[in-house]
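*Asks:* Residue numbers (our numbering), protein chains in the order written: chain A, 1 to 112; chain B, 1001 to 1113.
Simulated from the structure, these hints should not be mistaken for laboratory data. Every value quoted in this text rests on a predicted model; they were computed, and no experiment measured them. One or more of the hints may lead you astray.
[Claimed, not checked] Part of the chain A face toward chain B, derived, beta carbon under 10 Å:
id : residue
1  : Q6
2  : Y36
3  : Q38
4  : G43
5  : P44
6  : A45
7  : F89
8  : A91
9  : L100
10 : S101
11 : F102
12 : A104
[Stated by the list, open to error] Mimicking DSS-like on lysine-lysine, the simulated pairs with C-alpha atoms at most 25 Å apart in a straight line are:
id : chain 1 : residue 1 : chain 2 : residue 2
13 : B       : K1044     : A       : K42
14 : B       : K1044     : A       : K71
15 : A       : K42       : B       : K1009
16 : A       : K99       : A       : K68
17 : B       : K1057     : A       : K5
18 : A       : K5        : B       : K1044
Ideal Cβ placement from N, Cα and C applies to all residues, glycine included.
Residues per chain are reported as follows:
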Amino acid sequence: QQQVKQSPQSLIVQKGGISIINCAYENTAFDYFPWYQQFPGKGPALLIAIRPDVSEKKEGRFTISFNKSAKQFSLHIMDSQPGDSATYFCAASKSYDYKLSFGAGTTVTVRA
Amino acid sequence: NAGVTQTPKFRILKIGQSMTLQCAQDMNHNYMYWYRQDPGMGLKLIYYSVGAGITDKGEVPNGYNVSRSTTEDFPLRLELAAPSQTSVYFCASTGTSGNQPQHFGDGTRLSIL
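Work the whole structure out from these sequences, hints included.
*Replies:* This is the structure:
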C-alpha cells in the first residue's frame, strides 16, 4: 500500500495564484520529507526538503509546511508562473535510510 | 558533468522478448535505484543497490533482474517482456551521507506490444 498519500492528482491555477499540494503519511519513523519536481520527458529533481524539527521551510516561492501531530505536510507555490507547470511528488524516508517512499504525484498547470 | 545517463530513451518490444536498460552515473555514488513510473501511481522502486556486488529487491521486483559489477553501472534486465511492464523506467543514484538528494536520469520509455 502507498505509504505516502498525495492530493490532488491535478490542479490548474492562474498565473500569480497559489498552488497547494498535500501529503499524508502513516509511518511515524519517517523524518525526512523531500519534494521532487518533474518536467515532461525529464527525471524528477529535488525541489525542497524538510525535517520535522521545523514547521515550515521556504525557498524562494516554494514553501513546505509540516504538521507532525497530523502526520501531514504540504507544498505551497506562491505567485505561480507558467514555468512551474510540472508534476510534483512528495516523498518520505527515515534518517539515513537510502530508500524513499513517493506519493502518486500532482500535475500542476499554470495558465498565463 | 553528465550525472545519471540512461539508454535507450525509447524502445518497443514484443511480448516475450528480453532487453537490458542501461544506467551509468559519474558521481561516484554508492547507492543506485531503479523505479518505474506509471500514470497516477508515482514512482515504484524495482531494485536498489548499496554498492558494487550488492543488490536488493524493492516494492515491485517481479519480472526484472539487476546486477552491479561496478560503482558506475546498474543495468536492469527484463527477461520475458509482458504488457504489464509497459512503463517509464528511471534510474537514480545518491551519495552515502544520509538523506542526500536522489539524482535521476531522464528515463527510458518502454512499450511492450
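*Asks:* Determine for every hint whether it applies to the structure shown.
*Replies:* Structure-based check of all given hints:
A cut of 10 Å between beta carbons decides the hint on Q6(A): the least distance to chain B is about 7 Å, and the hint holds. Against a cut-off of 10 Å between C-beta atoms, the interface hint on Y36(A) holds, since the closest Cβ of chain B lies about 8 Å away. Using the Cβ-Cβ criterion of 10 Å, the hint placing Q38(A) at the interface with chain B is satisfied: the shortest such distance is roughly 8 Å. The criterion of a C-beta within 10 Å of any C-beta in chain B is met by G43(A), whose closest approach is roughly 3 Å, and the hint holds.
Annotation: P44(A) was flagged as interfacial toward chain B, and the flag holds, the nearest CB pair being 5 Å apart, inside 10 Å. At a threshold of 10 Å, the smallest CB-CB gap from A45(A) to chain B is about 7 Å, leaving the interface hint in force. Checking F89(A) against chain B: minimum C-beta separation of about 6 Å stays under 10 Å; hint holds. Given hint, A91(A) at the interface with chain B, holds; its Cβ is 8 Å from that chain's nearest Cβ, closer than 10 Å.
Look at L100(A): its Cβ gets to within about 7 Å of chain B, closer than 10 Å, so that hint holds up. Using the Cβ-Cβ criterion of 10 Å, the hint placing S101(A) at the interface with chain B is satisfied: the shortest such distance is roughly 9 Å. Annotation: F102(A) was flagged as interfacial toward chain B, and the flag holds, the nearest CB pair being 4 Å apart, inside 10 Å. Restraint check, A104(A) versus chain B: the minimum CB separation of about 4 Å is within 10 Å; hint holds.
With a C-alpha separation of about 17 Å, the suggested pair K1044(B) and K42(A) falls inside the 25 Å cut-off, and the hint holds. Taking the CA atoms of K1044(B) and K71(A), the gap is about 22 Å. The hint holds against a cut of 25 Å. Straight-line distance between C-alpha atoms of K42(A) and K1009(B) comes to about 11 Å, which keeps the hinted pair within the 25 Å bound. Among the hinted pairs, K99(A) with K68(A) is consistent with the structure: their alpha-carbon atoms are about 21 Å apart, no more than 25 Å.
With a C-alpha separation of about 22 Å, the suggested pair K1057(B) and K5(A) falls inside the 25 Å cut-off, and the hint holds. Between the alpha carbons of K5(A) and K1044(B) the distance comes to roughly 14 Å, so the proposed pair stays at or under 25 Å and holds.
Checked against the numbered hints given earlier, the structure satisfies every one of them.
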